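K.L.:
Chain by chain, the residues run as shown.
Protein chains: 2
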Amino acid sequence: MSNALTVRNPEGLPYTEYEREFEAPAAAVFRAHTDPELYLQWIGPHGLTTRIEEHDYRAGGSFRFIQHGNDGVEYAFRGTVHNVREGEFILNTFEYEGWPDVVTLEYTSFEDLPGGRSRLTGRSVFPDLESRQRYLEEGMERGMTEGYDRLDTLLAQAS
Amino acid sequence: MSNALTVRNPEGLPYTEYEREFEAPAAAVFRAHTDPELYLQWIGPHGLTTRIEEHDYRAGGSFRFIQHGNDGVEYAFRGTVHNVREGEFILNTFEYEGWPDVVTLEYTSFEDLPGGRSRLTGRSVFPDLESRQRYLEEGMERGMTEGYDRLDTLLAQAS
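These protein sequence lines are chains A and B, in that order.
For the first sequence, this note's numbering begins at 1 and goes up steadily by one.
For the second sequence, this note's numbering begins at 1 and goes up steadily by one.
Among the hints, erroneous ones may be present.
Claimed, not checked - A short, non-exhaustive set of chain A residues, derived as facing chain B with CB atoms under 8 Å:
| hint | residue |
| --- | --- |
| 1 | Gly60 |
| 2 | Ser62 |
| 3 | Gly79 |
| 4 | Thr80 |
| 5 | Val81 |
| 6 | His82 |
| 7 | Thr93 |
| 8 | Asp101 |
| 9 | Val103 |
| 10 | Leu105 |
| 11 | Val125 |
| 12 | Pro127 |
Just so you know, these hints were derived from the structure itself, not from any lab.
Just so we're clear, the structure is a prediction, and the values are computed from it rather than from any experiment.
Positions of the beta carbon are idealized from the N, C-alpha and C atoms, including for glycine.
If we strip away everything but chain A, and leave its shape as in the complex, we get:
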């Protein structure tokens, strides 16, 4: 039913590269990242509730959001926004506060495809191979897959 998330973790290099198509234009997928009211509805794995403390997606802006499950345990994430090009590109830092100073650089590009569809292309640059391994073992790919599936639903409702 949903489009597949393709994830590549090149051997010996501290990157994660991923791709995902959406049944919605690039502008709508971009907006689901920069609009806090949309973002909190899809980000992260199933079963967690998100609240947003800050969500300023302009060059020089910052964000912080907190997720919790039924057990009440909270997970906080924060970063700075290095650059944004409306509808096309976001470049931000990203940190899970439980792993302080393990910070990634996140490149996200949005491009239109024929038929009102679009493609998201992402690149996470980790500070070392061990940090990437740790994120992978903690279910990063599952969290992304489940989040993007929820984003599909959100985009279908909005259109």
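Start from chain A and add chain B according to the hints.
P.N.:
Coordinates of chain B only, in the frame set by chain A:
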């Protein structure tokens, strides 16, 4: 006369790691980074004049500075400040605007040594190996060496 800059560029991994000792306490070396009036006196290679447009070294802050030589050609640099611990640690993004979207993550640590001396430890994470190569070929190490030598002079004047 001056302390040596040690630079490591690990084979096949997109990092530059460096170390430099100073004849001044960590707090003074840290302040020379976060205080714009001090920073513009030492940053970059010989022969360039620096002017600072923004220099907000707090978590979530931003910076931008512009350098020019006798030929009047300008080089602009900007970034966001992901995290700061007073006197100890700075983590920021860094971009030469002439190479847009080639952004590094810069980890800088400051620690005191006996005798009022200190050590700066840096780690630049590049988005890919090609970007590191390009920075190296453009004289990154020379610029750092000359900048830190000027910082020595500045710290000696201040003490």
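K.L.:
Would you mind marking each hint as holding or not holding in the structure?
P.N.:
Tested hints:
no. : hint   : in the structure
1   : Gly60  : holds (4 Å)
2   : Ser62  : holds (4 Å)
3   : Gly79  : holds (7 Å)
4   : Thr80  : holds (4 Å)
5   : Val81  : holds (7 Å)
6   : His82  : holds (5 Å)
7   : Thr93  : holds (5 Å)
8   : Asp101 : holds (7 Å)
9   : Val103 : holds (6 Å)
10  : Leu105 : holds (5 Å)
11  : Val125 : holds (5 Å)
12  : Pro127 : holds (5 Å)
In the structure shown, no violation is registered for any of the earlier numbered hints.
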